[in-house]
Structures are given as structure tokens and as C-alpha cells.
Amino acid sequence: MSAQKIIVYPHPVLKKVCRQVGVQNEEIQGLIQDLIDTMRAGPGSVGVAASQIGVTLRVCVVDVSGSKLGKDANHGLLIMVNPEITKREGASTMREGCMSVPDYTGDVERATHITVRFTDESDTMREVETSGFEAVAIQHEMDHLDGVLFLDRIVSLKTGLFRRKKFK
Amino acid sequence: MRENTESSVHFAVTIIGKDRPGIVAGAAEVLFQFGCNIEDSSCTILGGEFAMILIVSHEKPFSKAKLLEDFRSFGEKMSLSVFVRTLSSDEVHYHAPVGELCMVSVYGSDRPGIVLRVTKELAERNININDLNTKLVGTSEQPVYVMMLEAVLPDGVEIEEVEKMLEKLKKELNVEISVRSVTPVSL
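Sequence lines, in order, name chains A and B. Quick note: the first sequence, position 68, residue 1130 per my numbering, numbers continuous. Quick note: the second sequence, position 139, residue 150 per my numbering, numbers continuous.
Calculated from the structure, these hints are not laboratory results. As the structure is a computational prediction, the values presented were derived from the model and not from experiment. Ideal placement from N, C-alpha and C gives every residue a C-beta, glycine not left out. Do not take every clue at face value.
To be verified - DEER-style ranges, computed between Cβ atoms:
1) Ile56/B / Ser1127/A: 40 to 46 Å
2) Ser19/B / Pro1072/A: 18 to 24 Å
3) Gly1152/A / Ile140/B: 29 to 35 Å
4) Val1217/A / Glu70/B: 35 to 41 Å
5) Thr1118/A / Asp121/B: 34 to 40 Å
6) Glu183/B / Pro1072/A: 49 to 55 Å
What the hints assert, rightly or not - Computed cross-link-like contacts, DMTMM-like style, restricted to lysine to aspartate or glutamate with a CA-CA straight-line distance of at most 25 Å:
7) Lys75/B / Glu17/B
8) Lys1133/A / Glu171/B
9) Lys1133/A / Glu50/B
10) Lys1130/A / Glu17/B
11) Lys1077/A / Glu1146/A
12) Lys1133/A / Asp51/B
13) Lys1130/A / Glu50/B
14) Lys1077/A / Glu172/B
15) Lys1133/A / Glu111/B
16) Lys1078/A / Glu1146/A
17) Lys1133/A / Asp166/B
18) Lys1130/A / Asp101/B
19) Lys1130/A / Glu161/B
20) Lys1130/A / Glu1191/A
Let's have the full structure, built from the sequences with the hints guiding it.
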């Protein structure tokens, strides 16, 4: 397994609603490894969803522990199969960029605090409560599973070129 | 902005006039019929005026005089001023500075010199402004000035330094100033 190429818009797969994963088999394990490898390979990347590497299944990975904004409050590497947000509270705005939409950023409003339920890589049901940057990253990656890009959620016209220099 | 190719020319178009519906559609129609591509653009209402700034490209050959001619009847009908400036190749290939982005809010009772004092401090430290807008709000008895700007910090300049250097202006100008990071998160 290896890092895959991140698919960029306008590739149609990014607008597809991904299917629920049935049984976790070798194929899913391989997909999970690819997602992790792809995230680790992307400079400053804190998450990847399956559709970003061309697989329309409800799987994504998030790890904000290496980023400046997430290093103090995180759950480490989260491998999420069929994730579902069961609780949302509050709203805060952050300027987001996405590897699948290079050179563009925009202010997006997301829930500040969420509870997310998912199956992990060993097929165990988990529930995680989180807030701040990790919550934003999870919501961003989960949007990909519904074919939603941050461009669909921009709340203000203040946008700009992606400043690629500082990720952390 | 798209890379300038040998076969195309880039130019800046600015259009301004009393706000009303149909200005953008009318301008876009003229540009489309002429064979232009609108690349980067920003349009907004300032006071009662609608202002458009567009970076536009066109295949060579391109005639500025001919484009202005095509804008004439639309411009006259809508009472707009239209300007066109051809961009040189180094303008087209300009790369804006990169670095941490910060947002500065300045507000307080209106008085002359707010824009000057704040931006002069930034310019002296080579801090590039990406975006700036101001608005006069409040009542005529108590006018309030609001300025929001977004700037790129050069290497070695930290956000705390910007806060500190603007701190002294609070007293001098009798305004509130706050600075915060808006560096995008990569997801």
C-alpha cells in the first residue's frame, strides 16, 4: 500500500455521495492504509477522505496531532469507517483550504463541538467527543463523503490565494 | 491568475458608477462578446457606487481602443466610468508575498488619519496588505469609522509584534485595534 495521488476538482468523484462500508475486509484495510500514507505524504495534511483518492466508500482518516492548532487537544490518528456526527454544538469560523481545491481558501462555519460515532480499523464502534481544530478537520473530511466541498460552505467573501508556506 | 501565454494579453478593467441592478451582467456581456476571459475579479458597493475591478485576458491580437469602443454604449446607458489598462508581463507573473496572514480591525469615532497611521506602521515593516476595506457607520452626530485589513507578515515578524506596534496607536487615534491570525488551515 502506498500514498495515492490526491484527486483535484473538477474530477467528478469529488461530488459523489460515498457508499456505506459493509463488512470490513482486506480491501478496506488496504484503503485505510492508503489514506494514512496519503495523509502522511501531503505536506501539512491533517486528513484525507476516500473520495479524494478515488474510492467512493465512507472512510476517512484525521490526525491533527502534528499541527500547531491541534497539537494540544486531539485524539491522535482517527480512522473512521461509516462516521456519523451524533451531536453538534456551537459555531465557529475558520479559513479552510483543501488539497483537492488548490490555491483557494475561504471562511467556513462549522460546529465548535461535536460527537462523532464510527467504526475503527479493528471494526470496533467508537464514539469521540471533540472540539476546536480536530472537530473542524473531521467535519471537513466527512463532508467529502457526501460530495460536499468547502466551496459549498463558504460564508464570507473574504477569500484568497492559499499561503502555502506555513502549515504548522 | 492563469499564466500568461505568449498568445494572450492580460489587462485590468475598472468600472464604477451609481449602483443599480444589471451592471455586472452588462459588463460581462461586453467582455464575453469581445472574446475576453474574466480571471480574478472583485466587485462591491462603496457608498452608493458599484465598483468593479477585473483582471481579464484575451487572445492576441487585442485592441484596447476597440474594447473601450464596445464598452461605450453600455457605459453611457448605465452612466459608468470604464478604464482599461494593459498589464506588462511582470505584472501578470507577480507572486504575492506568502507568510502568516493576519486580520487587523480598527474602529472608533471618526477622525482624519486613521488609515494613514495604521498603514504607515505596516508599510514601514514591509508588511504587505492583501485586502482592506473601510466603512463610515454610526450617526451623523456620532460617526464611527471601521477599517478591516488583512496583511501578510514577512518572515521574522510575529503577530505579537504587530499587536504591540499598533497598541500605541490606540491612544494616539483614540480607536480600538485588534489583531488575529487568519492563516488558512490545510485540510
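Evaluated hints:
{"no.": "1", "hint": "Ile56/B / Ser1127/A: 40 to 46 Å", "in the structure": "holds (45 Å)"}
{"no.": "2", "hint": "Ser19/B / Pro1072/A: 18 to 24 Å", "in the structure": "holds (22 Å)"}
{"no.": "3", "hint": "Gly1152/A / Ile140/B: 29 to 35 Å", "in the structure": "holds (32 Å)"}
{"no.": "4", "hint": "Val1217/A / Glu70/B: 35 to 41 Å", "in the structure": "holds (37 Å)"}
{"no.": "5", "hint": "Thr1118/A / Asp121/B: 34 to 40 Å", "in the structure": "violated (55 Å)"}
{"no.": "6", "hint": "Glu183/B / Pro1072/A: 49 to 55 Å", "in the structure": "holds (51 Å)"}
{"no.": "7", "hint": "Lys75/B / Glu17/B", "in the structure": "holds (18 Å)"}
{"no.": "8", "hint": "Lys1133/A / Glu171/B", "in the structure": "holds (21 Å)"}
{"no.": "9", "hint": "Lys1133/A / Glu50/B", "in the structure": "violated (38 Å)"}
{"no.": "10", "hint": "Lys1130/A / Glu17/B", "in the structure": "violated (42 Å)"}
{"no.": "11", "hint": "Lys1077/A / Glu1146/A", "in the structure": "holds (19 Å)"}
{"no.": "12", "hint": "Lys1133/A / Asp51/B", "in the structure": "violated (36 Å)"}
{"no.": "13", "hint": "Lys1130/A / Glu50/B", "in the structure": "violated (34 Å)"}
{"no.": "14", "hint": "Lys1077/A / Glu172/B", "in the structure": "violated (43 Å)"}
{"no.": "15", "hint": "Lys1133/A / Glu111/B", "in the structure": "holds (18 Å)"}
{"no.": "16", "hint": "Lys1078/A / Glu1146/A", "in the structure": "holds (17 Å)"}
{"no.": "17", "hint": "Lys1133/A / Asp166/B", "in the structure": "holds (23 Å)"}
{"no.": "18", "hint": "Lys1130/A / Asp101/B", "in the structure": "violated (35 Å)"}
{"no.": "19", "hint": "Lys1130/A / Glu161/B", "in the structure": "holds (21 Å)"}
{"no.": "20", "hint": "Lys1130/A / Glu1191/A", "in the structure": "holds (20 Å)"}
When each numbered hint is compared with the structure, violations occur for hints 5, 9, 10, 12, 13, 14, 18.
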